[in-house]
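K.L.:
Given next are the chains, with one letter for each unit.
There are 2 protein chains.
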Amino acid sequence: MYEHTDVLKALNVSKAEELLKEIKGKTPLFVCTIATTETAKIPGISAAGQNPEFTDLTPPADTEFLYYGRCRCISGVPVTPDGIPTPAIITRAAINLSNIPMLVVDGGSRVKPQIPFIDVGGQPGMDIRTSKAVKDVNSVFERAKVLGKSLAAMSDYLVLGESIPGGTTTALSVMLAIGIAAKRRVSSSMPNNPHELKLSVVNKAMEVAGIEEGELAGEPLKAIAAMGDPAQVTMSGLVVGAAEIPTILAGGTQMAAVLAIVDQIDPSARDRLAIGTTKWVLRDPSSDLVSLVRQVGDVPIMAANLDFSSLKHSGLRAYESGAVKEGVGAGGVSISAMTMTSGQITMLSLQQEIEREYERILGGKAS
Amino acid sequence: MYEHTDVLKALNVSKAEELLKEIKGKTPLFVCTIATTETAKIPGISAAGQNPEFTDLTPPADTEFLYYGRCRCISGVPVTPDGIPTPAIITRAAINLSNIPMLVVDGGSRVKPQIPFIDVGGQPGMDIRTSKAVKDVNSVFERAKVLGKSLAAMSDYLVLGESIPGGTTTALSVMLAIGIAAKRRVSSSMPNNPHELKLSVVNKAMEVAGIEEGELAGEPLKAIAAMGDPAQVTMSGLVVGAAEIPTILAGGTQMAAVLAIVDQIDPSARDRLAIGTTKWVLRDPSSDLVSLVRQVGDVPIMAANLDFSSLKHSGLRAYESGAVKEGVGAGGVSISAMTMTSGQITMLSLQQEIEREYERILGGKAS
Chain A
-8 MYEHTDVLKA
2 LNVSKAEELL
12 KEIKGKTPLF
22 VCTIATTETA
32 KIPGISAAGQ
42 NPEFTDLTPP
52 ADTEFLYYGR
62 CRCISGVPVT
72 PDGIPTPAII
82 TRAAINLSNI
92 PMLVVDGGSR
102 VKPQIPFIDV
112 GGQPGMDIRT
122 SKAVKDVNSV
132 FERAKVLGKS
142 LAAMSDYLVL
152 GESIPGGTTT
162 ALSVMLAIGI
172 AAKRRVSSSM
182 PNNPHELKLS
192 VVNKAMEVAG
202 IEEGELAGEP
212 LKAIAAMGDP
222 AQVTMSGLVV
232 GAAEIPTILA
242 GGTQMAAVLA
252 IVDQIDPSAR
262 DRLAIGTTKW
272 VLRDPSSDLV
282 SLVRQVGDVP
292 IMAANLDFSS
302 LKHSGLRAYE
312 SGAVKEGVGA
322 GGVSISAMTM
332 TSGQITMLSL
342 QQEIEREYER
352 ILGGKAS
Chain B
-8 MYEHTDVLKA
2 LNVSKAEELL
12 KEIKGKTPLF
22 VCTIATTETA
32 KIPGISAAGQ
42 NPEFTDLTPP
52 ADTEFLYYGR
62 CRCISGVPVT
72 PDGIPTPAII
82 TRAAINLSNI
92 PMLVVDGGSR
102 VKPQIPFIDV
112 GGQPGMDIRT
122 SKAVKDVNSV
132 FERAKVLGKS
142 LAAMSDYLVL
152 GESIPGGTTT
162 ALSVMLAIGI
172 AAKRRVSSSM
182 PNNPHELKLS
192 VVNKAMEVAG
202 IEEGELAGEP
212 LKAIAAMGDP
222 AQVTMSGLVV
232 GAAEIPTILA
242 GGTQMAAVLA
252 IVDQIDPSAR
262 DRLAIGTTKW
272 VLRDPSSDLV
282 SLVRQVGDVP
292 IMAANLDFSS
302 LKHSGLRAYE
312 SGAVKEGVGA
322 GGVSISAMTM
332 TSGQITMLSL
342 QQEIEREYER
352 ILGGKAS
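Quick mapping for you: the protein sequence lines, in order, are chains A and B. Residue numbering for the first sequence follows my numbering, starting at -8 and increasing by one per position. Residue numbering for the second sequence follows my numbering, starting at -8 and increasing by one per position.
No lab work stands behind these hints: they were computed from the structure. Heads up, a few of these hints could be off.
Just so you know, same-sequence chains aren't split out, so a pair can sit in one copy or run between any two.
Below, simulated DSS-like cross-link-like pairs (lysine-lysine); rule was C-alpha separation at most 30 Å, straight line [claimed, not checked]: (1) K174 - K123; (2) K103 - K213; (3) K213 - K12; (4) K174 - K12; (5) K195 - K6; (6) K270 - K213; (7) K103 - K126; (8) K123 - K270.
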């Protein structure tokens, strides 16, 4: 059995423990939502790629990697400018061990992944400084919602992950617009969280849209349409549609935004939600997931206690210095992989598999 | 419990009974593959629509109806030229009663449904008389196969249905190309099966492609590329990918083609397959499902013993005169709805629900 210390709990600890008991031995469905935006191309906003244009390729590359163990739309795997690999490595390692089933939903990506993916009618997001960030929010929300309902009928519980570059900036803007005090509290995939840059982009977006902080409280789809991203509306629809089963929002502070959005659309859909993330987000000194979530409600937060400090490869050890931290459902899928088996998958075996995946990539082998 | 007589069995009766025992109480995943072709627009080939161009709308309309209880891309529901309604009515009624989860896969349709659907990279099919009927068969097959593997990880068993106008003609051409004696054995959604028209189209396709009957035995993807349809390659990939769980091929003689294709790609994938259809196909005097299946192997055939002869509405009673017969997974989903519950869903309650659905449509109400 995985150790008590393998999953950290925060905020509503007793509900986190109840949930861990409820999902023990059960198989989740992992649903990874992808999207791209022009916002992510603002220099300095996203670390997901060597250069801004590369952000269009990160989500398809991440999900191709999950399916095939190699990317098709790029050679190699997505890395930060410093060469630190995508968190999809963690997700894939957890899936390798657990055989957790997976579906990819395209919330709106410019480059389509060369995998089977679910289309909900979304389009790539624009720059939030245009005040027209996301098209068709109502119809995408409705389609994601009926999809969520279908997925709930086929699963014990859902784990919802994401791959959307620049997602913490759009999380910040939507949270501010709907009344969550989010300034300097969102996370970053870079060790030096560019809070001032994000805030200046978001302030500009609010100015262009003519929206004050908190002005769109109760109208989260309007906030997304003006200054959010396509993954937010897709994931919110999925959560509301799947409200009858538990859902783990598998991600960092972007998922606090989804939680806040869902809470303002349908508060009852919040009851069966938890955040599932990594230790690197939960203990990140440059952001504050707990305070973001607490503003929405007493929602359990769980974090996979991944520790890369003694791994062989510097590319992985860099996670301990604040690089990457989370993404592609890494934390939530790790937690589920450990809870679904009794003893076979531990944090130790997971970390060994992550090293194997990393070495396989370095060696350039497909599987 | 549903009556023994509610599910007819043919060919491998003992294996059909074993399978019915195995799936009893279990929840399937219903996967409906849609596609359109230029072949379907050849006058007289398809009854799926008032006029040939309407065939592009039938698959999206069918699946919109399954999701929402009404179509979005057309007003009303798909009907034959005589006004007989789509078999999606049967499927939806069975899902209403059973809550069987559902996903739609777009094998290649010209008009996309306004629902969540899975994209496997397929494109609409061309006229088989061009000898270039289906593009990218290898990549679509591979994507459908990885999708099938994912679906198998999340389901007890699959029920695969289809909505593709003109599908029996492309079934005929592929079966002939790969060595199945299919002449005058495929079914039709029309009471008067236009065998001669279908054969003349198929003969022309073979002539253009320079292919003799049976010449592509062992090369079914090549046969599909030349003179098949996009749903065939998609469904075959799904079946091969999901080979570790049972799959009910929910359809008529089109599914005999899928069975033959799968058998020639990976014979071991055939072991867990069954055909699930309707009485109207199994007992159709103008076609011969059993002989088609028997040529592939000793595969169980099950048929929902739907009987519309005493229903109030002539549009439904027309099914007893050979109109429509099957489609959109109607037979297989009906069987699964009955086996998954103990006693709640019987052929009688299903038929009552079908009448209710039909009356709801006539009344124009959404749900």
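K.L.:
Does each hint hold? Answer for all of them.
P.N.:
Going down the list of hints, with the structure as the test:
no. : hint        : result
1   : K174 - K123 : within (22 Å within a copy, 57 Å between copies)
2   : K103 - K213 : both (26 Å within a copy, 26 Å between copies)
3   : K213 - K12  : neither (37 Å within a copy, 51 Å between copies)
4   : K174 - K12  : neither (35 Å within a copy, 59 Å between copies)
5   : K195 - K6   : neither (39 Å within a copy, 67 Å between copies)
6   : K270 - K213 : neither (33 Å within a copy, 51 Å between copies)
7   : K103 - K126 : both (18 Å within a copy, 18 Å between copies)
8   : K123 - K270 : neither (35 Å within a copy, 54 Å between copies)
The structure shown violates the earlier hints numbered 3, 4, 5, 6 and 8.
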